[in-house]
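Asker: Chains as they are written, first to last, in the working numbering: chain A, 1 to 248; chain B, 1001 to 1247; chain C, 2001 to 2267.
Simulated from the structure, these hints should not be mistaken for lab results.
A portion of the hints provided could be inaccurate.
[Stated by the list, open to error] EDC-like, lysine to aspartate or glutamate: derived pairs with alpha carbons at most 20 Å apart:
no., chain 1, residue 1, chain 2, residue 2
1, B, Lys1146, C, Asp2089
2, B, Lys1147, C, Glu2156
3, A, Lys147, A, Asp91
4, B, Lys1147, C, Glu2102
5, B, Lys1147, C, Asp2089
6, B, Lys1146, C, Glu2102
7, B, Lys1146, C, Glu2164
8, B, Lys1146, C, Asp2080
9, B, Lys1147, C, Asp2077
10, B, Lys1147, C, Glu2088
11, C, Lys2036, C, Glu2055
12, B, Lys1027, B, Asp1039
13, B, Lys1147, C, Asp2080
[Claimed, not checked] Partner residues aside, some chain A positions facing chain B, computed with beta carbon under 8 Å:
no., residue
14, Val30
15, Gly31
16, Val115
17, Ser121
All C-beta atoms, glycine included, are put in the ideal place defined by N, C-alpha and C.
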Amino acid sequence: MQAEERKPLRNSLILIAGLLLVWEIAYLIVGEIALRSPLETVTFLGKLMRTDIFWPHLSETMRAFAVALVIAIVLGLLIGFALALHRLSGDAMEPMLVALYSVPKITLYPILLLVFGLGISAKIAFGAIHGIIPVALFTLTAVRSIKPILVKTGRVLKLSPVAMVRSVLFPAAVPEIFTGIRVGFSLTLIGTVLGEMFASQHGLGYLLMNAISLYNVDVIMAVTFLLVVFAAGVNTILLAMDRHLHRR
Amino acid sequence: MRLYQAVVIIGFVALLEVLCLAGVIDKVTMPAPHIILRDFVLMIAHGRYFSDIGVTMANVLIAFAAAFIVGVLTGTILHGYRTARDVLDPLFATYYAIPVFAFYPLFIVIFGLGDGPQLLIGFLLGVVAVIVTILNGLDRVPNVLKKTARINRLTALQTAMQVTLPFCAPYLLTAAKLALAYAFIGVIGSEFILARSGMGYEIGFAYTNFDNATMYPLILLILLMSIFANGLLSRWEKLLLARRGQH
Amino acid sequence: MSSAHVTLRGVTKVFPASGGASGVHALGPIDLDIRKGEFFAVVGPSGCGKSTLLELIAGLTTPSEGDVEFEGRKIADIPDGVGVVFQEDASFSWLNVRDNIEFSLRGKDLPAEEKARRVEAAIVMMGLTDFARTYPAQLSGGMRQRVCIARTLVMEPRLILLDEPFGALDQQTRLLMGDEILKLWRATGATVFLITHALDEAAMLADRIGVMSARPGRLIDVVETNWPRDRDSRIVERDNFGLLTSRLWKSLREESMKTMGRTMGGA
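Construct the entire structure; sequences and hints are all you get.
Answerer: Next comes the structure, spelled out in structure tokens:
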């Protein structure tokens, strides 16, 4: 049992080592003109985080992301529940949500900019629409697939509606809902950063785009690295929690 | 149910129309739907932006083809090497959480501002989805079918072509669907952020110039194309699954 | 060179260790002669290695010790002239019934008319005439098994191996399928080797029945039924039938209890 548990950890470490190796080799091939080595990137990131210009941008991104995420989760849950409980709506709207999932949502961003103006609101809206769809879809599936036998059991035990939701429906649906939130987290982050890359004067996405015109490879690599590590790190944690919930 | 869906869509458009005509949504933000439709028809009829549309479509197809072919090959090869697959598994699990677009500036710096960075983004977005889908399909080939192939004394190649491939056909379609959707997102997203041509670029340009007459029809065109392409593949996928009794 | 159709001598099968688990001695040693043209059934408790035995005869796996011979020659890989029907549904969901059956003849060096004739004959023999263009998904489990049997028949095998082919079917269907198998057996003159966990099925169908012990499976008894060749499911009405099944159960009962003890609290 010990050996089996250590394997995924060993595999992840090998993977990370492998990726760093590929990065280093790419750096050696391409050179200073367009890349930085892993070590240089981390060092520069450290320096960058100690400057005054960096934090306003980071906080802008984080604020936009946090608000977008809350909206995505709340609205997603509401929509998901509503569609699950009203069968006809659920059956009809689900394919439309799925279709929306695969559309390049960035095409809608200019509309959002026109509606919300050039500010943090547009970014928040953009991030939110990325995250709402998976949360809604997963919640819809989760609630719809609660086994009827569980509901019957609750009725036989004469549970009140509140108690029914709290002790039967919610625990039964939570694992799948959590997966939706996990996916929504990642997609909201992606949407927020993407929005910043298109039309913004603040935020990490803006820093990236600005660095292109200044040809500042250090900034590009450091900020990209930060975003990747943050996204991957949080997702790995959420994934572990997700698996734990599903194993229950 | 079709009726319900039609009602929802028509209702939504009608609502927009009313709000626009009433002035609740002003002209600068969005023209009324019937005006968008008119501009759309005009745009198609006059063949404006056809070269941009062509550029975008060509890049989408290239990114799609690359992601699909490389993904299928990689997935097939990886399926035979358990250790390699186990090592890569955390990467596949986390891949879609990573903002791949964040790499776009880096690609521009390395490859210059051309089609390369866009294609790379579109490819990177799609390839892992294809690999994971193919691996899933290959995992599910029932042992009894593999034994049947052996009883019939098929060679490895014959088994692959006559048993494994037909069995995995629905998964190949799913993979194609995903690769195409991601190719759209990757290429068009990149065009928006920074490009010199293509539909995404033109929309961005129109936005900066307050040119709603160009912007909205182009947005509508992209939405229609992506929904149509996706819908076609979905249809095909459903047909395939229905004949096999799976849904 | 023995005159038996299939010979097993000193055959054992040990599955090698993997990960932290030790190897599994699944089967043997087994000594067995199967006569040409006979219907031989094997019964035994679950996990005793019946399927492994069948796979050894089919050439799907090789013995750890001992020899398996088919028609006097040692089996190295899948021998020619052997057909197998598995317990799970092996029909191809993307081909209709006719194409499924025809699949076995692909790549075989036969004229097209001969292939068509064989396919048609198999369809008729298995009662699939009305379903030739249907897809397996639209057929019941029993029909799908008929397709698999038909697919085996077109190869005109000299040895037919059946691995609990009716395991997933209900009792009535099983009895009827048993009659079909007997008809087939008489029509083709092939040697039939059947694995089943159902004692009545073995007793009804076979000329001889091998009883296997719990794992590692060995043959602890071989019973002759002495049934007439032209039998069918009505044989269950005969007095001998009850005697036969009770004899089988006597040998089997203890072995089955050993297996149950293992799975329910033992090692």
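Asker: Would you check whether Val30/A satisfies its interface hint, that is, whether its CB is within less than 8 Å of any CB in chain B?
Answerer: holds, 6 Å
Asker: Classify the hint on Gly31/A as holds or violated, based on whether any CB of chain B lies nearer than 8 Å to its CB.
Answerer: Given a least distance of 10 Å, the restraint on Gly31/A is violated.
Asker: Checking one constraint from the list: CA of Lys1147/B to CA of Asp2089/C, max 20 Å. Satisfied?
Answerer: Holds, at about 12 Å.
Asker: Under the criterion that the straight-line Cα-Cα distance not exceed 20 Å, is the pair Lys1146/B, Asp2089/C satisfied?
Answerer: holds, 12 Å
Asker: Keeping to a limit of 20 Å between CA atoms, is the pair of Lys1147/B and Glu2102/C held or broken?
Answerer: holds, 17 Å
Asker: Hint check: is the beta carbon of Val115/A less than 8 Å from a beta carbon of chain B?
Answerer: OK, holds: Val115/A within 8 Å of chain B, min 6 Å.
Asker: Between Lys1027/B and Asp1039/B, does the CA-CA distance stay at or below 20 Å?
Answerer: Holds. Lys1027/B to Asp1039/B sits at ~14 Å (cutoff 20 Å).
Asker: Run the distance test for Lys1146/B versus Glu2164/C: straight-line Cα separation, threshold 20 Å.
Answerer: Answer holds: Lys1146/B to Glu2164/C is near 18 Å, not above 20 Å.
Asker: Need the status of pair Lys147/A, Asp91/A: alpha-carbon distance at most 20 Å?
Answerer: This hinted pair holds, its Cα atoms lying about 18 Å apart.
Asker: Are the Cα positions of Lys1147/B and Glu2088/C separated by 20 Å at most?
Answerer: Given pair Lys1147/B, Glu2088/C holds - Cα atoms ~11 Å apart, limit 20 Å.
Asker: Would you check the hint for Lys1146/B and Asp2080/C, treating anything up to 20 Å between C-alpha atoms as holding?
Answerer: With Cα atoms ~18 Å apart, Lys1146/B and Asp2080/C stay inside 20 Å; holds.
Asker: Hinted pair, alpha-carbon criterion (20 Å max): Lys1147/B, Glu2156/C. Please report holds or violated.
Answerer: Within the cut-off at roughly 19 Å; holds.
Violated hints for the displayed structure, listed by number in ascending order: 15, 17.
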